[in-house]
Amino acid sequence: MRAPSALILGTVLTYLSIIVALPLAALVWRSGGRGAAGFWSSVSSPEALSALELTLVVSLVVALVNAVSGTIIAWVLVRDDFRGRSVVNALIDLPFALPTIVAGLTLLALYGPRSPVGINVAYTRAAIVLAILFVTLPFVVRTVQPVLLELDRELEQAAASLGATRWQTFTRVVFPNLLPGILSGVALAFARAVGEFGSVVLITGNLPFKTEVSSVYIFGQLESGNTSGAAAASVVLLGISFGVLLLIGAVRRWTTRHDA
Amino acid sequence: MRRASPTLLLLTFALFLLLPTACGGSASGSGAKLSLVAYSTPREAYGKIVPAFEKTADGKGIGFDESYGASGEQARSVLAGLGADIVAFSLEPDMTKLVDAKLVDKSWNQNAYHGMVTDSVVVFVVRPGNPKHIRTWDDLLKPGVDVITPNPFTSGGARWNVMASYGAWLKEGSTPAQAVTKLEQLFKNVSVQNKSAREALQTFTSGKGDVMLAYENEAYFAKQSKQPIDYVTPKTTILIENPVAATSDSANPKAAKAFLDFLYTPAAQRIYAENGYRPVVKSVAAEFAKTFPNDATTFTIDSLGGWAKVMTQFFDPEKGTMADIERSVGGSTG
Amino acid sequence: MTRKLALRTFALGYLAAILVGPLVLVFYRAFEHGFGEAWSAVTTPPALHAFELTLLITAIAVPANTIFGVLCALAVVRHPFRGKGLLNAVVDLPMALSPVVVGLSLFLLYGRTGWFGSWFLARGIQILFALPSMILATVFVSLPFVVREVVPVLREIGTDQEQAAATLGASRLQTFFRITLPALRWAIAYGVVLTTARSLGEYGAVSVVSGRVAGKTATATLFVEDRYQSFDIVGAYAASVVLALMAVSVLLAMNLLRRKEDAL
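Protein chains in written order, with the working numbering: chain C, 1 to 260; chain B, 1001 to 1334; chain Z, 2001 to 2264.
Among the clues, some could well be false.
To be verified - Facing chain Z, from chain C, some residues (calculated, C-beta under 8 Å):
id: 1; residue: L9
id: 2; residue: V12
id: 3; residue: Y15
id: 4; residue: A26
id: 5; residue: L27
id: 6; residue: P46
id: 7; residue: A67
id: 8; residue: S69
id: 9; residue: V76
id: 10; residue: L98
id: 11; residue: P138
id: 12; residue: L148
id: 13; residue: L149
id: 14; residue: L188
id: 15; residue: G195
Calculated directly from the structure, the hints in this document are not laboratory data.
No residue lacks a Cβ here, since even glycine has one placed at the ideal position from N, Cα and C.
Using the sequences provided together with the hints, build the complete structure.
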């Protein structure tokens, strides 16, 4: 019984190494190009820290908004029925298929200086959130949908027949089952938000210390010839994302352990 | 019981996708192939120059691969192994990177034109009719004037802008310290710092800002593309010089040299001029005197110490003047 | 029932503001000057080549990541091992890298002065600025999706059926193909849809490693950027519409198959 597991694991690890681990290793290596002192000074410069703070705050906001809206949208798409539902369902994935620059451009056109609906948030921090909300829209929706589809309605019906209110049924029966899916989606949305570049870079002002996110800061370091500094800042960003992903994974395993 | 197995789905999908894979590469002529790696804005110009070259005796049968992108990124790509026979950048430091990596010979700028194949100047791009009457560098400092310029740490164009303003103030009588103060004031008026010059243009044309600092040829191109803009050449401005060179590891050095020489012929220089670049060959420049009025006083980067000095003094990401300015303008993370 | 209406209103309203608005604008700008102009913009040789290239890369990245995704989900859910949490986090990590950094790390590996660069270049194998690196970059950024879709469902369906099959004498391979895989098919399909969409829309990392050689390494997304920067608005948006339609068609195909199966 061991051999297949080993084969599966071996394949998975090899693939991951080639595709992900090796490039990241090269990155970490390069970040040490100026030594520990150089690493530290690169990542603790005021501009780097300011960009990092903005990035993390925005990513957190995006993750939370997606957790709520993504779940509701998934719920409506699975449990509700209305004309055009399948069309709406088809549209959910489009933020992925559209190049990030198109996302930035259209959001700029819609909610910028020449907005047809009179909303102008371009070049503000709100614009960053908006751009990333667009880009991360599919995540929570698509991780919750399959779980909702698989969910046995009998459980809810049983709870109802035992006298539970709809809210109780939701919080005690449905939500715990959805939580792992939600957390998966949130983790992905957060990770993507942290690294987002293409759409953000157009709609924000990229003003250092004000509306400059880490990915743009890193790009600047690269352009200024400070490759080690760019790598260092990337490694820090990666480390934070990694930590958050590990944390969410642990929380998810904890909640799943409370299942049957 | 029919089950649409996902494997079947995948297979049909893959087959469907693989149908139009005849990615025919252009197998042109029996001659050599030259790879041109250039910055983004002269694309239209080279689009006409290359065919013109191919019509000449030297250029017969030579095929071209062309690549256009932001100057800094292109330089990095060549450093990382992007094959190039001829490289054209928007500013000299990008060429110097290749020289340092021994990909371009040290003697690249020993010709009559110091290796520069086109010129341009920094101009003010404004709304049609220039409603805010922005004509001088000091006008940019007025309160309520919304200035767009790319980030000097990510954009070569922005560096030209910064040095144009600084140099102009120096030439108009300010001391270096005063000029730096003015530079700081300027950046207080900057509301958006796009990562590249082209993106700054897009920001401006999307309705943001009162004035944008740009290359003249960018403004020219925008106007030709019927974008709703106008541009003003300030009285004093910097002369932008764009370097071009053949690489030292080219597989076709003779063809590369032939192309390089062609770029300085009147035919090629005229094409540059028609696309908004100031020709370096004087006779052609005279032909286009109306397009490029010469009433502005221009100075070069050499009068400010040359790029090597300027890059360290102004654009060092930690100690440069611009780094200080960005910090003081940004202030607390509000 | 007003709760249902409230949820529906919220969902649709959110989607309208964040998603539908931009999409309508994309379509509007594409067809603003008529269908003919949009059509000719996306059928020029550079456009067609760009779409072919994108499809080729997608056709390689999607199956690769799908197979990996299923295997990885199996490893994580069915064969727990030490460091499972770590593996999970690593799988999601590609999303957190900005495309500039993805490009940088590939440069560091396969560039002229990179770890493996000289080895490949000496053998005349072009990784960077050619198809291989573009595939690597696309596979990198679209890695997590199938895994993330399959893992919760794999957990949800449990091992009962598989164990039953085992007691009935099925081999592991038989169990996998006849019991497990079919149970996962819609999760896999969703994952495939997402991976496809992501591969189609990948721009940042691919733009860095492609070398932007006109007519050779320009994908559809790079083509969009190129058109936009040349002020060819119709061309840019028309190409975006094509990308969007490609992504939607995959989902619609899946929905169609699902509906057919549900009807049986």
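Structure-based check of all given hints:
The criterion of a C-beta within 8 Å of any C-beta in chain Z is met by C:L9, whose closest approach is roughly 5 Å, and the hint holds. Taking 8 Å as the C-beta contact cut-off toward chain Z, the hint placing C:V12 at the interface holds, the least distance being around 5 Å. With a least beta-carbon distance of about 5 Å to chain Z, the hint placing C:Y15 at the interface is held under the 8 Å criterion. Nearest Cβ of chain Z to the Cβ of C:A26: about 4 Å, under the 8 Å cut. The hint holds.
Hint status for C:L27 relative to chain Z: holds, with the closest Cβ pair at about 4 Å, below 8 Å. The interface hint given for C:P46 is broken, as the beta carbon of that residue sits about 20 Å from the closest beta carbon of chain Z, more than 8 Å. Checking C:A67 against chain Z by beta carbon gives a least distance of about 13 Å; that is not within 8 Å, so the hint is violated. Checking C:S69 against chain Z: minimum C-beta separation of about 5 Å stays under 8 Å; hint holds.
Proximity of C:V76 to chain Z holds as hinted, the smallest CB-CB distance being about 4 Å (cut-off 8 Å). A hinted interface residue such as C:L98 counts as satisfied when its beta carbon comes closer than 8 Å to some beta carbon of chain Z; here the least separation is about 5 Å, so the hint holds. A hinted interface residue such as C:P138 counts as satisfied when its beta carbon comes closer than 8 Å to some beta carbon of chain Z; here the least separation is about 6 Å, so the hint holds. Interface hint at C:L148: violated, since its Cβ lies 10 Å from the closest Cβ of chain Z, which is beyond the 8 Å cut-off.
Taking 8 Å as the C-beta cut-off, the interface hint given for C:L149 holds, the closest approach to chain Z being about 7 Å. Nearest Cβ of chain Z to the Cβ of C:L188: about 6 Å, under the 8 Å cut. The hint holds. Because the closest C-beta pair between C:G195 and chain Z is about 4 Å apart, less than 8 Å, the hint holds.
Checked against the numbered hints above, the structure breaks hints 6, 7, 12 and satisfies the rest.
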